[in-house]
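Engineer: Given next are the chains, with one letter for each unit.
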Amino acid sequence: MPRTTATPALSGATRLFRAPAARYLTVPVGFLLIFFFLPLILIVLVSFTSSFPSASITLTTSNYVQFFGSSLYRAYLLTTIVYGLEVTVLCLLMGYPLAYYMVRQRGLVYQITLLAVIAPLLVGVVPRTVGWIAVLGTEGVINNILLGLHLSRRPLTLLYNPTAAVVGLAHVLLPFMVLSIASVLSLIDRSLREAAQNLGAGELQIFRRITIPLSLHGVAVGCALVFSLAIGSYITPVVLGGGKMKLLAPLAYDQFLNYPNWPFGSAVGVVLLVTGLVFVVGLPALVVMRRQAAGAS
Amino acid sequence: MTAGQRWGGAVLSWYSYLAIAFLLLPELVAIGVSFNPTSRMVLPAGALSLQWYRTLWTRPGFGHAFALSLYIAPLATLVSILLGGSAAYYFSRYRIRASGVMSALFFAPLVVPGAAVGAAMFLLLNQFYLTETISGVVIAHIVLTLPYTFRTLGAAFAGLDRAYEEAAFSLGASHAVILRRIVLPLIRPGILAAALFSLIISLDEFTVTLFVSGRTVITFPLQIFNAIEYGLDPTVTAAATVMLGMSAIAIILIERAVGLNLTHPAVQ
Numbered sequence: 001m002p003r004t005t006a007t008p009a010l011s012g013a014t015r016l017f018r019a020p021a022a023r024y025l026t027v028p029v030g031f032l033l034i035f036f037f038l039p040l041i042l043i044v045l046v047s048f049t050s051s052f053p054s055a056s057i058t059l060t061t062s063n064y065v066q067f068f069g070s071s072l073y074r075a076y077l078l079t080t081i082v083y084g085l086e087v088t089v090l091c092l093l094m095g096y097p098l099a100y101y102m103v104r105q106r107g108l109v110y111q112i113t114l115l116a117v118i119a120p121l122l123v124g125v126v127p128r129t130v131g132w133i134a135v136l137g138t139e140g141v142i143n144n145i146l147l148g149l150h151l152s153r154r155p156l157t158l159l160y161n162p163t164a165a166v167v168g169l170a171h172v173l174l175p176f177m178v179l180s181i182a183s184v185l186s187l188i189d190r191s192l193r194e195a196a197q198n199l200g201a202g203e204l205q206i207f208r209r210i211t212i213p214l215s216l217h218g219v220a221v222g223c224a225l226v227f228s229l230a231i232g233s234y235i236t237p238v239v240l241g242g243g244k245m246k247l248l249a250p251l252a253y254d255q256f257l258n259y260p261n262w263p264f265g266s267a268v269g270v271v272l273l274v275t276g277l278v279f280v281v282g283l284p285a286l287v288v289m290r291r292q293a294a295g296a297s
Numbered sequence: 001m002t003a004g005q006r007w008g009g010a011v012l013s014w015y016s017y018l019a020i021a022f023l024l025l026p027e028l029v030a031i032g033v034s035f036n037p038t039s040r041m042v043l044p045a046g047a048l049s050l051q052w053y054r055t056l057w058t059r060p061g062f063g064h065a066f067a068l069s070l071y072i073a074p075l076a077t078l079v080s081i082l083l084g085g086s087a088a089y090y091f092s093r094y095r096i097r098a099s100g101v102m103s104a105l106f107f108a109p110l111v112v113p114g115a116a117v118g119a120a121m122f123l124l125l126n127q128f129y130l131t132e133t134i135s136g137v138v139i140a141h142i143v144l145t146l147p148y149t150f151r152t153l154g155a156a157f158a159g160l161d162r163a164y165e166e167a168a169f170s171l172g173a174s175h176a177v178i179l180r181r182i183v184l185p186l187i188r189p190g191i192l193a194a195a196l197f198s199l200i201i202s203l204d205e206f207t208v209t210l211f212v213s214g215r216t217v218i219t220f221p222l223q224i225f226n227a228i229e230y231g232l233d234p235t236v237t238a239a240a241t242v243m244l245g246m247s248a249i250a251i252i253l254i255e256r257a258v259g260l261n262l263t264h265p266a267v268q
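These protein sequence lines map, in sequence, to chains A and B.
To convert, note that position 229 of the first sequence is 229 in this note's numbering; the numbers rise steadily by one, no gaps.
To convert, note that position 217 of the second sequence is 217 in this note's numbering; the numbers rise steadily by one, no gaps.
In short, the hints are calculated from the structure, not lab data.
Among these hints, one or two may not hold up.
[Claimed, not checked] Counterexamples of contact, computed for chain A against chain B with all Cβ distances above 12 Å:
#: 1; residue: SER62
#: 2; residue: LEU85
#: 3; residue: MET177
#: 4; residue: LEU247
[To be verified] Stretches of chain A that chain B covers, calculated by requiring three or more beta carbons in the stretch to come under 8 Å of a beta carbon on chain B:
#: 5; stretch: 38-49
#: 6; stretch: 70-78
#: 7; stretch: 139-148
#: 8; stretch: 160-166
Please read these numbers as outputs of a predicted model, since none were measured by experiment.
Just so you know, even glycine gets a beta-carbon here, dropped at the ideal spot from N, CA and C.
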């Protein structure tokens with residue numbers, strides 16, 4: 001192996017990391033392209049066919065005509081969007097104050113709060129949904145408390161309705177909202193706050209004029225993420241909603257596996273995909289545009 | 001501090017305690033119900049019982065599903081570590097054109113709606129006759145764990161001073177030797193954390209598995225879903241408690257290995 005005499009470590013290093021060792025990247029990227037991006041291309045393609053799999057493929061928009069032409073399927077889309085928005089708003093209402101509280105803690109309290117927020121990310125959606133069945137059931141914790149305090153004479157039906165599905169999914173997705181907002185809040189320069197205080201600003205004013213504008217990007221990312229994950233969820237809305245909610249995720253599942261109509265199922269999948277994408281890309285972009293507009297004026 | 005600020009602080013604290021209680025309540029109740037001796041979904045009033053864990057063991061389905069999950073997760077994890085680690089190493093050591101787009105590639109599986117990913121993967125895997133097979137589920141789990149292994153190992157490589165590799169290289173060590181003798185031993189905690197993330201994500205995965213498996217490859221979470229649909233009794237809470245236990249172990253071990261922090265692959 002050739003060596004240079006002067007500053008061997010440096011010249012060695014430049015050669016060590018200069019060669020485009022593409023082999024490190026080719027296989028992982030190839031794997032993702034084949035098993036993640038190719039499927040997404042395929043589903044778009046299939047959504048424009050009339051039968052799949054079939055020997056000859058003719059492109060048609062009939063699946064989308066069927067979807068958007070029917071008030072039933074439009075209702076599925078609308079219910080899904082409303083459901084996603086409800087979950088997102090609930091997460092935001094709980095998540096922003098929690099994130100704000102968390103980043104202002106130090107030491108043990110911070111560690112405990114962080115653990116309480118991060119740990120649920122590593123807990124499956126299935127056990128958490130099971131937990132809500134136990135909490136909201138006719139003999140569940142909430143009904144026991146209501147009956148015990150004589151706030152209600154009969155057990156209430158809290159389970160198997162859209163509200164249970166919203167609360168249950170907000171519970172699953174709340175950590176994503178808290179993390180998105182907290183990671184932005186923790187970056188806000190403390191000296192801004194001190195400067196504002198020196199200039200006589202009160203807590204509320206600091207919050208409204210400094211904290212909120214500077215954390216808007218985290219809010220947008222959190223909302224986009226929660227919305228996208230919410231509309232793609234299956235078990236929580238199906239189980240806690242009692243299987244009655246007209247949502248795109250179970251509709252897609254039925255079209256693929258119960259009464260196979262893959263082209264139409266693909267169209268449903270693409271509608272879901274695009275709805276998610278509009279939020280994931282659109283919301284953060286909106287905040288950036290707003291900031292640029294504010295900077296320009 | 002004015003009285004108003006104190007009140008504001010107190011309200012914020014209590015609101016946060018409530019939000020944390022909200023996060024933990026269902027899990028704790030599920031654990032509680034699993035130890036109740038009756039066949040109703042209630043918290044135990046007095047004596048505790050392990051009968052629902054016995055049912056879990058004896059009732060057909062759960063044991064097999066558990067074994068299947070424990071077979072799929074390590075397979076997916078092994079490949080995910082190799083692929084994610086290799087890409088993360090490249091990202092941390094070499095200059096990459098459009099690196100933002102390239103890394104977004106790895107995190108994309110986490111932000112696309114699950115049912116859409118499931119439907120799309122179903123179509124592709126079906127072309128290779130891999131739907132309703134264990135291999136198909138493993139492939140899906142590799143895709144879904146990649147963001148975690150890529151992210152965790154990326155952080156490990158970023159924390160590793162290049163000087164070690166440069167010194168070894170200047171002394172004549174080959175790439176393979178540098179990797180095996182220097183890099184891998186030094187990032188062992190990162191590898192452990194990445195493996196734990198990947199294992200737990202695979203063990204917990206539901207939506208995409210539902211589509212890809214066509215409900216014939218029944219993993220543990222799918223079996224719980226079947227049991228919920230079939231007829232509810234505390235067995236499902238016992239099964240949920242088993243899953244919660246595995247998550248708890250993973251969380252403790254990850255915290256010990258690299259420490260939990262304010263990041264998640266989906267939150268950039």
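Engineer: Compare the structure with the hints numbered earlier in the document and write down the numbers of the violated ones, lowest to highest.
Structural biologist: 3, 4, 6 and 8
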